[in-house]
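K.L.:
Given these sequences and hints, build the entire structure.
In this text, residue positions in the sequence shown follow the working numbering: the first is 238, and each later residue adds one.
Just so you know, not all the hints are guaranteed correct.
In the DMTMM-like style, the derived pairs of lysine to aspartate or glutamate whose C-alpha atoms are separated by at most 25 Å in a straight line are [claimed, not checked]:
| no. | residue 1 | residue 2 |
| --- | --- | --- |
| 1 | K713 | D762 |
| 2 | K416 | E508 |
| 3 | K639 | D272 |
| 4 | K734 | D763 |
| 5 | K794 | D817 |
Across the chosen pairs, the derived CB separations fall in these ranges [to be verified]:
| no. | residue 1 | residue 2 | range |
| --- | --- | --- | --- |
| 6 | V652 | K750 | 28 to 36 Å |
| 7 | R390 | L660 | 57 to 65 Å |
| 8 | F405 | R822 | 20 to 28 Å |
| 9 | A696 | Q635 | 31 to 39 Å |
| 10 | M628 | K278 | 18 to 26 Å |
| 11 | N631 | G752 | 20 to 28 Å |
| 12 | G661 | R507 | 56 to 64 Å |
| 13 | L533 | R274 | 25 to 33 Å |
In short, the hints are calculated from the structure, not lab data.
Every residue, glycine too, gets a C-beta built ideally from N, C-alpha and C.
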Amino acid sequence: MSEQNATALFSEFPPVTTAEWEAVIQKDLKGADYDKRLVWKSRTGLAVRPYYRRENLEGLDYLLNAAPGQFPYVRGTRAANDWSVREEVDEAGMVEANASAKAAVASGADSILFRRAYPKTLADLRTLLDGLGDAAVHLWGDGPSDALAALIRESGLALRGSLKLHPFAEADLAAACLKSSPGPAFRPVAIRRASFLEAGATSVQEVAFLLAAGIDYIRWMTARGVTVDQAAQGVSFGMFVGTSYFLQIAKFRAFRMLWARVVDAFGGSREAAKAYIMARTASWNHSLYDPYNNVLRGTTEAMSAVIGGVDSLSVGSFDEVYKNADDASRRLARNTQVILKQEAWLDRAVDPGAGSYYVETLTDALAKAAWKLMQEVESIGGYLKARDSGMIPNEVRQARKKAEDALAQRRRVIVGTNNYPNLGERMLDKMEQKDVEIVYGRGAEVFEDIRLRTERFAAAGGKAPLFLLAEMGDLKMRKARSGFILNFLGCGGFGVKISHFATVEALAEGAAKMGASAVVLCSSDDEYAALAAPAVAALKGLPVIVAGAPKNADELKAAGVADFINIKSNAVDTLKAWQDRLGVRG
238 MSEQNATALF SEFPPVTTAE WEAVIQKDLK GADYDKRLVW KSRTGLAVRP YYRRENLEGL
298 DYLLNAAPGQ FPYVRGTRAA NDWSVREEVD EAGMVEANAS AKAAVASGAD SILFRRAYPK
358 TLADLRTLLD GLGDAAVHLW GDGPSDALAA LIRESGLALR GSLKLHPFAE ADLAAACLKS
418 SPGPAFRPVA IRRASFLEAG ATSVQEVAFL LAAGIDYIRW MTARGVTVDQ AAQGVSFGMF
478 VGTSYFLQIA KFRAFRMLWA RVVDAFGGSR EAAKAYIMAR TASWNHSLYD PYNNVLRGTT
538 EAMSAVIGGV DSLSVGSFDE VYKNADDASR RLARNTQVIL KQEAWLDRAV DPGAGSYYVE
598 TLTDALAKAA WKLMQEVESI GGYLKARDSG MIPNEVRQAR KKAEDALAQR RRVIVGTNNY
658 PNLGERMLDK MEQKDVEIVY GRGAEVFEDI RLRTERFAAA GGKAPLFLLA EMGDLKMRKA
718 RSGFILNFLG CGGFGVKISH FATVEALAEG AAKMGASAVV LCSSDDEYAA LAAPAVAALK
778 GLPVIVAGAP KNADELKAAG VADFINIKSN AVDTLKAWQD RLGVRG
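P.N.:
Here's what the structure looks like:
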C-alpha cells in the first residue's frame, strides 16, 4: 500500500481520545461499577485493564526501546528465537535411555534431559551419549553428584547442557565445578525452583523467590572464590509454564530482565547477565479426566514459553498424570514444539509480544511487584533465611489455598474436571504405577479423588447415585438451572438424568421408575414456594435439592428441602457431602 493510500485510509478513522472511549464504556455499563465489571484482578494481584492505549506506556521506554540480545534482555538473550526442544528420558538403564534419546533426536529434539539414568563409569557415559551428535545433554539422574562431576572431568568431553548441582546443599562441589566450567555451554548448577508454581505460587512469587534464590547463590559462590561471571554463566533456572497465556509471556520477560539487573549490580559482565531458562509445561492444571485437554493446555503453555523467550522447553505428555508416557504420547508432546517451529515459525520471530501495550504493561507491572517482594525477602536476610523462617512457604501456601478455593467454587475452571465433565468417562482402570511421580499435587486432584471414589464404589458392586434433574415451570430458568446442575453433579461421577415434569405426581412416578437417589428441582425462584413442599411429600423420603439460591430458603428447608446448589456453592464440599449421605464409599 502506498503512503498516499495509507493516509487516505486512516483519515477515514479519526483518532479517538481516552476520554471518548471511557464515555462510551460508562454509557454501556449503565451505572455498573467499572472496576468490578471490566478490570480483571489476576491471582498475582495485578490489575488488567479492558484495553490499553499509548498513554498507558508512559515511563516504559526502557521496554519499548529494548532490542533482542541487548541488556537487560527483556526481549531475549539471543538475536534469534531458536529455542531447544528438550525431551525428558525416564529410563534408568544406559542402553534403554540412549535408545530413547536417539529416537527423540531423530524425531526433532535437540536437547535431552536424563531424569533417571546415572552413568557410573566412562563406559556408561559413552553408552548414554552415543549417537546423540550435537544435542545438549542434561544429566539429572539420581546418584552422587561429586562422582558424576568427577566422571565428566575425567572424560574430557566438551559437553553442552547441564548438571543439577544444588547451589546450597552442594555449594563446595558447585564452586569447584564452576571454577573449571568452560562457560555457558555447560551449566553445572541448577536453581530448580520450578516447584514454586507447582506448589501453587503466583507468577509474582515465582519470579521474586527465584530471583532471591539466585542472589543468595551468587553470594555463596563468590564467598568460595567463584567470580560473579562464573557463577552467572554456570547456572540454569528451572521454571514451569502456567495457564495464564499473556501473564506467562510477561513472567519470562520480567525474570530475564530482573536477573540481568542483579548480575549487573554484583559487578558481573553484561554477557554473563544472560539468564538461561529451562522451562517445562506445568502439571498443576493438567487433569486425569478428559486427558486430551492436556494436549491443548500443553500447546498454549508451550506457545507462551517460546514467545516469552525461554532457552529450552520440555512439553509434558498429556497422559503423564496417570501413566508412563508411551511412544505415541511422547511423540505428540515433542511435535507440539516441532510444529511451533516448522509450521508456526515461532522460531523466526524474536519476542513477538514486544510493542503490545498489554504485554509491555504487564511485564512492567509484574517486574515491579516481583522486585518489591524480592526486597522483602532481602530485608529478612535473603532467600535461605526467608525460607527457613517460614515466610516463603507461608506465602506459597496462602496462594495455593486461594487457588484451591477458586477451583472448589468453580471461579477458576479446569475443563472436564470441575466443569463440563464427560459424564460417561471412566478412568479408574486406566491409571498405572508410574516411574516418575509428580511431586506436588495438581489442582484437579481434589475433584479427581471425589470422582474416583464414586468409580471405586461402583466397581466394588455399589450402585452409583443417580440424580434426577426435574425441569418444571419457567422454560428459561429450568433449562439454565438443569444445565448448571448437570455440570456441577457430573463432576462427582454421579449419574445425572434430565427430565421435564408437568406435575409433582408425574415427578414422583418418574423418579421411582428411574431409581433416582435424589431429585433436583430446576425452576425459577418464584415457583419453588409452590413446588417444593408438594414434591417433598410426593417423593416420600427421597432427598430433594433446589437449584438456585431463593430468598425463601429457610421456608423451603422447613418444608423438607435437603440442600441448595447454586453458583456460590463450594463444589468440593457439596459433592463430598452427598457422597457421604448416599453411602458412596471407596
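K.L.:
Next, verify each hint and record whether it holds.
P.N.:
Verification of the hints:
Simply put, K713 and D762 have alpha-carbon atoms about 12 Å apart, close enough for the 25 Å limit, and the pair holds. Restraint check for K416 and E508: the C-alpha separation of about 17 Å stays at or below 25 Å, so the hint holds. Pair hint K639 plus D272 holds up; C-alpha atoms about 21 Å apart against a cutoff of 25 Å. For the hint pairing K734 with D763, the CA-to-CA distance comes to about 24 Å; that is within 25 Å, so the pair holds.
Distance check on the hinted pair: K794 and D817 sit about 20 Å apart at the alpha-carbon level, within 25 Å; holds. Checked against the hint of 28 to 36 Å, the C-beta distance between V652 and K750 comes to roughly 33 Å, which is consistent with it. Between R390 and L660, the C-beta spacing of about 59 Å keeps the proposed range 57 to 65 Å intact. For the pair F405 and R822, the beta carbons lie near 46 Å from each other, so the given range of 20 to 28 Å is not met.
Distance hint check: the CB atoms of A696 and Q635 are about 38 Å apart, consistent with the given range 31 to 39 Å. Remark: the range hint 18 to 26 Å for M628 to K278 is upheld by a beta-carbon distance near 24 Å. Distance hint for N631 and G752: a CB-CB separation of about 49 Å, inconsistent with the stated range 20 to 28 Å. As the Cβ distance of G661 to R507 is approximately 58 Å, the hint placing it in 56 to 64 Å holds.
Remark: the range hint 25 to 33 Å for L533 to R274 is upheld by a beta-carbon distance near 28 Å.
In this structure, the earlier hints numbered 8, 11 are contradicted, and the remaining ones agree with it.
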